[in-house]
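Peer 1: Okay, here's what each chain looks like letter by letter:
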Amino acid sequence: MKTALWVLLSVVPAAAAAAGNSVIGSKHDLSASGPGPIRALSEGNPCVFCHIPHGGSEGLSNRPEVTAKYRPYESSTMSARPGVPTGTSRICLSCHDGTIAVGKTFRRHIEMTVGAIPQERRSNLGTDLRRTHPVSFRPAPGSIAHAPSKKGAVRLDASGQVQCTSCHDPHREFIDPVQGKFLVTSNRRSTLCLSCHDAAAAEGPDSAHAGSTASFGPAEGNEGSFRSVGEAGCAACHVSHGAEPSGRLVRKPPADDDAACLRCHASAVTRLHLGNEISKPYGHGGQGRGVHDAAEGRAGKRALPEDAPGTPRHAACVDCHDPHKATARPAPGAPAAGGALAGVWGIDQHGSRVEQVQFEYEVCFKCHGDSANAPQARGPIPPDTVRRRLADANLLRVFSTSSPSFHPVVAPGRNLDVPSLKAGYTAGSLVYCGDCHASDAGPGAGGGGPRGPHGSVFPHLLERSYATADFTVESESAYALCYKCHDREKLFSDQFDAFQRAEGTPTGSLHRVHVRTRLAPCSSCHAAHGVSSRGGSESENAHLVDFDLSIVSPAPGGQVGYRTYGPRAGSCTLTCHSETHSDARHTY
Amino acid sequence: MRAKTHRALAPSLLAALLACAHASPRRPLPAVAYPAPPALPRARLAAVIPDPDAPPRRSFWRALGDAIAGIDPRERSAEVLVRPFGIAIAPDGAVIVADPDAPGVLRVDADGALVPIACRGRDWGAPMAVVAGEGGSLLVADAGAAEIVVVPPDRRCRVLGAGALERPTGVAAASGGRVMVVDPPRHQVVVLSPGGEVVARFGRAGEGEGEFNFPTAIARAPDGTYVVVDALNFRVVRLAEDGRWLGTFGSAGTEGGGLGRPKGVAVDEAGRVYVSDAHRDLVLVFGAGGEFEYALGASGTDPGAFSLPAGVAVRGGRLLVADSHNRRIQAFEILGGSS
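In order, the protein sequences belong to chains W and R. Numbering-wise, the first sequence is residues 474 to 1061 according to the working numbering. Numbering-wise, the second sequence is residues 824 to 1162 according to the working numbering.
Rather than coming from a laboratory, the hints here were simulated on the basis of the structure. Be careful, since some hints might not be right.
[Said to hold, decoys possible] Among chain W residues calculated to face chain R with C-beta under 7 Å, some are:
#, residue
1, 503
2, 522
3, 524
4, 572
5, 573
6, 763
7, 764
8, 891
9, 894
10, 1026
11, 1030
For every residue, glycine included, the Cβ atom is placed at its ideal position computed from N, Cα and C.
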C-alpha cells in the first residue's frame, strides 16, 4: 500500500506538469525542478511538503489526525480571543510563519472574523477584519457579501468556510499571469473580491474610482502592475494582508484616515491636487485624524452627530465622500448633491439619518447640526471674530424653515423682497453651503483648483474674502463673498436699496451710509447663516439681523435690537461708532 | 491584593463593580496529561501563561475604566502576547518568550506577569528564537533584523552576524561563547564567534548528508552535540560543533513519530529530544537514540491543546511550549522522575 502511495505521488506531479500550470516550477515547488536551488528529494515529488504521507499506515491525506482531533468552530471560545485558523489554512500557516516562508500574511495581530459576518453592512465587515482578510469563517448570505458561486474560481472549503485556499491555489502560481501570488483568478477589476463581496455595495453606478483610467504607480499603492485605478479595483485602496488594524484592510497607517485617499489625490495621479487645499490655514482636511469610524452614526456605534461636548471633532475624506460610490456627475443645482457626495449618509433637515444624501447640506449637518461638541475651540480665536447675541452653532436649527431668518440653504428665505440680488438669482433661489464655503482656488472663485470645502486661505473656509473687522473700507474685494450674489451697485443705490430712512432728512441708501461711509462691515448687522428660533424671533431678527456685539453696543437704557414693522420698515435701538439709534426708523 | 487596594480607594459602587470584574472564580487547571490512558502519563499540564483566569495587572484607572466599560479584564492579558514563537528557560528558571509579531522579547515573572525586555537604543525586528547565553545573558535570533542579539543583564545589547544572515530563526549557545544559528532560506547552520564573525557555515540545500531543506531550529544536547530541525526534509539532524554530521532521525508522516511540520526543538538533561509539530499540533518526544517515545498535545484551544506550536524549551523537568496561534505559553511537568 505504501508503495502504491508513492507511485501515485510520483504520477500526479507528472500529470500536473503536463497540464502546464502545476505546482512544479512555482515558488511552492521545493523540489529539484523548482525555481529554488533545492535538489530533488529522492522521491522526486514536490507534494510531500504539504501533503504529508500518512506515516507508516494506509491512506493519502494531508491531515487525518488533525481532522480527528480538530474541534469545530465554537463561538464561545472564539469570541474570547481571535479565532484560530482551521482547515487548509493551517497547512499554509505552518510554513508561512516566518521560518520556512514569509509570515507577513499574519504579520501582527491574528485578528479573524469568527463565525458568520453579522447581517447588515460594510462597517461591520470592517470592524472585524483587522490586518488580514479573515479566514476560517462562513460567509453569511444577506450581508453585503455572499457565498461564492459553486462554479466560480473562488471556492469555500468542504465545511463552507473561507480559507486561504479560497483565494489562493497553492498549486498554480500564475493563474493570474500578471500578479501571480497563486491567486485563483486575476483580481483585475476586483474579479476575485467580487466573488464574495456584492458588486452593488463595492461599486456604485458610474463609480469614479471603478471607472477610473488614471494610471498609478507603486508609490500610490499599485502593487499588481495594474494599468489604471479602475483595473486595480478594490486593490487600489485595500490590501488582503498586512493592512493596519484600524480599519477595513485599507492600505494606510492607523492614525491617518486620509492617507489612502491622499496617496493619489495629493499626487500627480489626479488632475486636481488636494494636498495644497488641506494644507491651507482653514480647512477640513486632516482634522482629528484617526477618530473617524465607518460605523459611526449607527445605532450602538460611535455617535454622530456627537452626543458629548468633549468628543473630539473630526473630518476625514470619507466623512463626506464614499470612495466606492462617488461619481464625476456635476452638482445639478442647489440643494441637490452632486456625484462627489454619492453614497454618503447624512442628516436631513429634520435631524434624521438618511442613508444616501440627496441634498448637499445633509452631509454638512452630520457635524454642523446637532453635534454636542460644536463649537470646539481649535487654536487661537482669530481677530475680528464676530460675537453674536444669539449665536447658535446648530446650523440644522439655524437653517430650519421655522427659523426667523436664514440664508436659503434648505428652503427659500422668508424675505421675498431682495432687490440687491444679481441677475440669475431670485428670492426663491437656493444656495449650497459650498457656494460660500469652498476652496479659494476652486472654480467658484474663478480658479482652477478643486471644488468643495477642502481648504481655503480665508477664515471659516470661505470661498472669498468676507471682512468682519470694524472700520473696514468697503471695496469689491472686502465683501467679495456677499457680492457673489448681492449686486454691490444695487445695494448702495438710492434707487434699489430697500434700507432707507423713514423720518427727517432723506439720506438715500442706508447700506451705503453704513458700509461705505461709516465703514461698518456687513457682519456687524447680519448673521450670514441666519438666526435660529432659539432666542430669535420673526419680529426682531428678520433680514438676518443679529448684531455683532463686538461692534454694536446697547443704547442708553441697555437696549440693543432691531424690530421689523412689515415690508421695508423697521427700527434700530443701539449704539455704534459713538452714535446712538433710539428706535430709529427706516422705511422705503 | 490589588482588589483590596481598589476597594479602599474607590467609592462603594465602583468598588462593587471592580469586585464583580475580579470575582470570576479561579478555575483549577484541568487535569491534562499525555499520552492518554491506558498509557502511563509522561507529562502533565502545569500552567497556561498568561493565566486565562487571572486578573491582569492594570492601573487603578484602567481597572476603573474597564469596570465601567464592561471590559473583561482577561481580555487585557491576551494583548500581551501576539504570536509567541521562541521560548527559553534561563538557568535561574525564568521563562523568556520571543514574539516576532509584538515584536518583543518578554520575561515571565514568578507571578506570571509578562515583562518586556528591551535593548538600549535598539528596537526588535521580529525575534523568533531565544536561548540562555553566558553570564546571565540571552541570545535572541531576530529574524526580521537578520541578526543575533546578545542581551546581557544590563541591556547593553550586542549584535552578532549582521550582514551574514538572511533570516535566522533558531539559535543555540555553543562552547567558548560561540553561537550556532540556523538560517532557513540559506539552508545552513552558521557558527558565529563571540565577536560576531562567521566561524563556519555548514550545509547547503538538499536532502542528503550535509544538506538541509529549511532548517528552522537548533538546540544543544547535554553531550555538547546539536540537534537541528530540518523542516522540509522532515528529520532531525545531529551535528557536532565542528560541523560533523552525526546522523538523523525522523521521517514525514502524520502518525506516531511522523513529522508533519517540525518547527521547534529542545533537548533535556537525559538527551530526549522534544520537537514541536505545527502541522500536527503536537510536541513529539524522542529518546536519546532518536526512537519515538510519546506525543503531547492536540489541535484546539483547550488547555493542553495547541494551535501551530512553535518554540519549545525544557529544563529541570519542565517543558514549555510556545502555542503560537493560541497566543499563550503552556508549561508541562515531565513525570517519572528527573527528565
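Peer 1: Which constraints among the numbered hints does this structure fail? Numbers only, ascending.
Peer 2: 3, 6, 7, 8, 9, 10, 11
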